[in-house]
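Put chains B, C and D on the given structure of chain A with help from the hints.
Residue numbers (full-length UniProt numbering), protein chains in the order written: chain A, 1 to 349; chain B, 1 to 349; chain C, 1 to 349; chain D, 1 to 349.
FYI, nobody ran anything at the bench for these hints, they're computed from the structure.
A quick note: this is a predicted structure, and the numbers were derived from the prediction, not measured.
Certain hints may be false.
Treat identical chains as interchangeable: a pair holds within one or across any two.
Said to hold, decoys possible - Once the Cα atoms are required to be at most 20 angstroms apart in a straight line, the calculated SDA-like pairs of lysine to any residue come out as:
no.: 1; residue 1: Lys134; residue 2: Asp216
no.: 2; residue 1: Lys204; residue 2: Ser324
no.: 3; residue 1: Lys2; residue 2: Ile28
no.: 4; residue 1: Lys204; residue 2: Thr310
no.: 5; residue 1: Lys17; residue 2: Gly270
no.: 6; residue 1: Lys115; residue 2: Thr316
no.: 7; residue 1: Lys337; residue 2: Thr63
Protein chains: 4
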Amino acid sequence: MKAFVMKEIGRVGLLDKPTPRPGPLDAIVRTAAALICTSDSHTVAGGIGPREDLTLGHEAVGTVHEVGSEVRDFRPGDRVLVGAITPDWGDAASQNGFPSQSGGPLGGFKFANSKDGVFAEYFHVNHADANLAKIPDGVSDEAAVYCADMLSTGFMGAEHGDIPMGGTVAVLAQGPVGLMATAGARLLGAGLVIGVESVPARQKLARAYGADEIVDFTKEDVVERVLELTGGQGVDTAIEALGADATFQTAVKVVKPGGTVSNVGYYGEGEFVRIPRVEWGVGMADKTIASGLCPGGRLRMERLLRMLETKRVDPTRMTTHRFSFDEMERAFEVADKKLEDVVKVLITF
Amino acid sequence: MKAFVMKEIGRVGLLDKPTPRPGPLDAIVRTAAALICTSDSHTVAGGIGPREDLTLGHEAVGTVHEVGSEVRDFRPGDRVLVGAITPDWGDAASQNGFPSQSGGPLGGFKFANSKDGVFAEYFHVNHADANLAKIPDGVSDEAAVYCADMLSTGFMGAEHGDIPMGGTVAVLAQGPVGLMATAGARLLGAGLVIGVESVPARQKLARAYGADEIVDFTKEDVVERVLELTGGQGVDTAIEALGADATFQTAVKVVKPGGTVSNVGYYGEGEFVRIPRVEWGVGMADKTIASGLCPGGRLRMERLLRMLETKRVDPTRMTTHRFSFDEMERAFEVADKKLEDVVKVLITF
Amino acid sequence: MKAFVMKEIGRVGLLDKPTPRPGPLDAIVRTAAALICTSDSHTVAGGIGPREDLTLGHEAVGTVHEVGSEVRDFRPGDRVLVGAITPDWGDAASQNGFPSQSGGPLGGFKFANSKDGVFAEYFHVNHADANLAKIPDGVSDEAAVYCADMLSTGFMGAEHGDIPMGGTVAVLAQGPVGLMATAGARLLGAGLVIGVESVPARQKLARAYGADEIVDFTKEDVVERVLELTGGQGVDTAIEALGADATFQTAVKVVKPGGTVSNVGYYGEGEFVRIPRVEWGVGMADKTIASGLCPGGRLRMERLLRMLETKRVDPTRMTTHRFSFDEMERAFEVADKKLEDVVKVLITF
Amino acid sequence: MKAFVMKEIGRVGLLDKPTPRPGPLDAIVRTAAALICTSDSHTVAGGIGPREDLTLGHEAVGTVHEVGSEVRDFRPGDRVLVGAITPDWGDAASQNGFPSQSGGPLGGFKFANSKDGVFAEYFHVNHADANLAKIPDGVSDEAAVYCADMLSTGFMGAEHGDIPMGGTVAVLAQGPVGLMATAGARLLGAGLVIGVESVPARQKLARAYGADEIVDFTKEDVVERVLELTGGQGVDTAIEALGADATFQTAVKVVKPGGTVSNVGYYGEGEFVRIPRVEWGVGMADKTIASGLCPGGRLRMERLLRMLETKRVDPTRMTTHRFSFDEMERAFEVADKKLEDVVKVLITF
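Bound-form chain A, shown alone (with noise of 0.2 angstroms):
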């Protein structure tokens, strides 16, 4: 089979690979969409370290194409969705309410991390009963495939950010994932949603997923402004949703007192993050700092997938461009380098 993979740090390209087998629990995906993510990127720059033809990709939906013996409840044919997080269900962190830190650190994180990723024509599913979730009929794959990372990291932005019925978010940065925090937060009842972007096709495109106002961190200043529209308390929640120290200082900045910072960035650089001493109430503002990694599992994939079948959010127009999977490494290259005001990049295989 053809694999999109990392060939090494700053090469990629396609490769043929053989297909993978299923253990007794897991499953094979035949490939039906995939979309590229920024920590494909990443990865490809070193993010995590060298790889050797490591396949790429971590959202995916596609049809069953083998299942291992002990797999109960899929069957070939099957039109499912796996999430970008593929614990191992039962050790010790997800026991402890973790999942995704399950095995260690991230350790959930398998496709192309531990394992090969999706960007290829079949993939590997680990404990598939409890990973993959059938797609129901009325929702389309590339409105699917977003629940793999998109939705599940963005939401989870807004569930950790203990948002107050009629509360107040500030979302800042209004990437794809930032831009399903914005959705997430207005989806668990906040009452203001700031979303802070300076890129014109975001901003227009933060809007529509449910900010009520955009603060341009070029034109004014974030603090500034977020207290302004928040009658000088600071907001509720804020979340950072870039991964840069500068944009987590001032979300600890426009935090209340009480409220709660939610990271959803990935930080790829330097020793620290760090907390601004006074703002932070010098330790003693009661301002809380979550953190995650995108949740994954078939229930967490079954009930964003009935977020799409009841219509409360459309993912599919953060869809800039489409490619085939010939196309892989065009498609990656506009990715990769930000090119064409490119949000989501969908590939069909």
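Same frame as chain A, now just chains B, C and D:
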């Protein structure tokens, strides 16, 4: 001033009363609009015991008429909302996180209970800085007055339900509080909201406020139908919004193990409310039963008003009848006897 | 091998059975010590329906005898504890945070229910890596076996009770689970623990496990006395540890508005468990009713074993009787008929 | 009356001041005993900016001297404790569940900050009914005065730590607040408490208050040792009780994915408190950072006093020095310069 009172159990009417005066922390509000609540009927029927010439009503907006010497944030002329529940902040129950229970069980419920209510030209508000909220310019009196009880109580039903994002919710009964519980469930991220109701006009409102499915208990078995709609699992959250033993039992039955029954119904009769033993998992199914009284206070009201300001919900669709305060006797009759498919009756002053 | 079985409703005895074999993820444990539980009596009495030659028992420790091909962390000879509840990790209920409900209501309760129990020379454990725990050197078999159900269930009663630090707790009934709820409340920061019990030997144990006050329901009115002990407020948390409608009602009555009734009792009869309407605040007193089934799993067991290792509690004071497995019929009779002031009966193999 | 004041930054001394008078909701307390806190030194050093003749001190007990006209529950002669933090109940932050932040960030911290403190023969208490607590007969002044800040703050460190029953906790630094965090972790069900401290006398106290293990950071690597003590997993909860950037970093490092860093330390210098990026899981390890200011209020104080009354903890072991108020200058010098292995200095009036 004129006041609409409960003269004794079963008898109401207009009466002249002296205009109230504020203590040092209090305010007097000149009433602009009010809503009649089913609780007013319960009270007149003797639900809280005998009362003599007690002014009825607990849902109102108006303008500040006079403030006590220690009031800082409000001035005569301010357009204000007051919650149906006006807690004693600082009381043990408030410090414990349950201000509605300040001063004893349900003690925050003062209007038309432990003191005169709001169906009068003027009414008294204790601890004005903590219990009043300014109404934003873009929000009408008619919309704002729904926050006092209908939104606060209905939304509480959803908030206590611990709804997972994309989870399933059944709301049992679609009276005005049930409708706001339906809206609340939708606003808090439910992926599927099932409204149980038999009256066509209320079914229609339920759909407008966010119910994805309607179950008519006069035509089908509610438990069976809810299980069918949830793939045999039961719902994550069942909200009892009627206050009937049979409905409460249904709530326990339709909720899945690990799910939550959130009670907002007021139980007016009988010695017991009964939990069905087997469906409660013989006490071991991890089903939680939450309950509560309408949250009050300035912050709550400000947050609910923000939901109106940013167009999250339009409660005025529930106004089926409008009367002036002069027509109060007829207005009360319509509400009390549930004439003409009444949902909510608005009184203007 | 020899097994102690329920031959049919009302009849027990020893029987020869084949030694079980493990599936790929499972283990077979050679039993070293076991405890008889009141649930065993319920089962024999028909509480879970008819069974034929079902091996009884769900509280045991032993040494690993054989493991399946996929088991990673356990080897023959390891000294192990297994929880009474052995969840299917990865199941929907487990992913939802309620592993005890995996596979359906109370579905994690497999031993002596949906499969053979532990009163046998060998027993089978599903998903060994997730459901077994190694016993630390400093912890005796006799102490460890209490973790399987008594500590896990009793402590859960306290954990579900949402006890504020320095808060007040009433534990209704001081059988072995109630005693561990008493210990649990004390261990979780309660400032006042009131044990309700009439049997002198159990009152004495209750004091030893941390009850500050004892209320004898045969001598005084429990509700009155608890209110008196809490300055008229009621307790923050009431733990029902008996499983009787009347006791449940008392629990609702003694808890303050905003407080929690935590149920650990098993209700074996009647169509309903009844909530007293008025004392429940007519549905509006912010009183929460929590319930649950004994938590299982490796992490839970490891944490409980740590509590023994670091001397937080000594459950062996509850052992009133000791028998060898040969004497199982007599042992069961003592436990079943509650002879000789029995609290717990230990069986050694 | 005599008061011990900060004359200006760096200079303290006794001064005559008029005895304060109460507003309608307030009380004046005649001081009986007080404790000197490290915060007093911070304040004198300029930590909260310049002050002129500000009375120092925020930990005190005494007898009620005079009450305002609206005070209901207290009378002259009552023996009382007041929390270091005296919130404005009813304020937005209080209604939001964070009374310590009422009136602005850290706004509940009034004594020796926004008004005169308690190192005086008499001191003023705002909202007496909500901020005073009667001291039970069996509790000494010396024990009670520890509740004002030491128990409330230290226990908060444990409460914010979300410690699972039987979980593992590291408490970094064993000063008086750290010691009470150690006691708090033990009282809240930790299965293993690791105290980090190098001073022998404090190590000994740490053991007495419940530390199972002591790690001396001058002799071994804290991160390495904590991982070793937790089987390589890290702790569930790390409590920072010093207020140093390096210690905070250690806290993030020793906590497992999914665990909580609970901050009680006050950070007096530097622009930032720094999170180590990699050990924070690049923002994705589900590690939560909680923070807070000493909880105050009558209910909190009553619950802490109950812990003393029922002998849960004896804080008086921390009293290393005793002085009369006449000797206040020498007393302050001992505390300020940390002479003679001082832990806490008690002042009697």
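Contradicted hints - numbers only: 1, 2, 5, 6, 7
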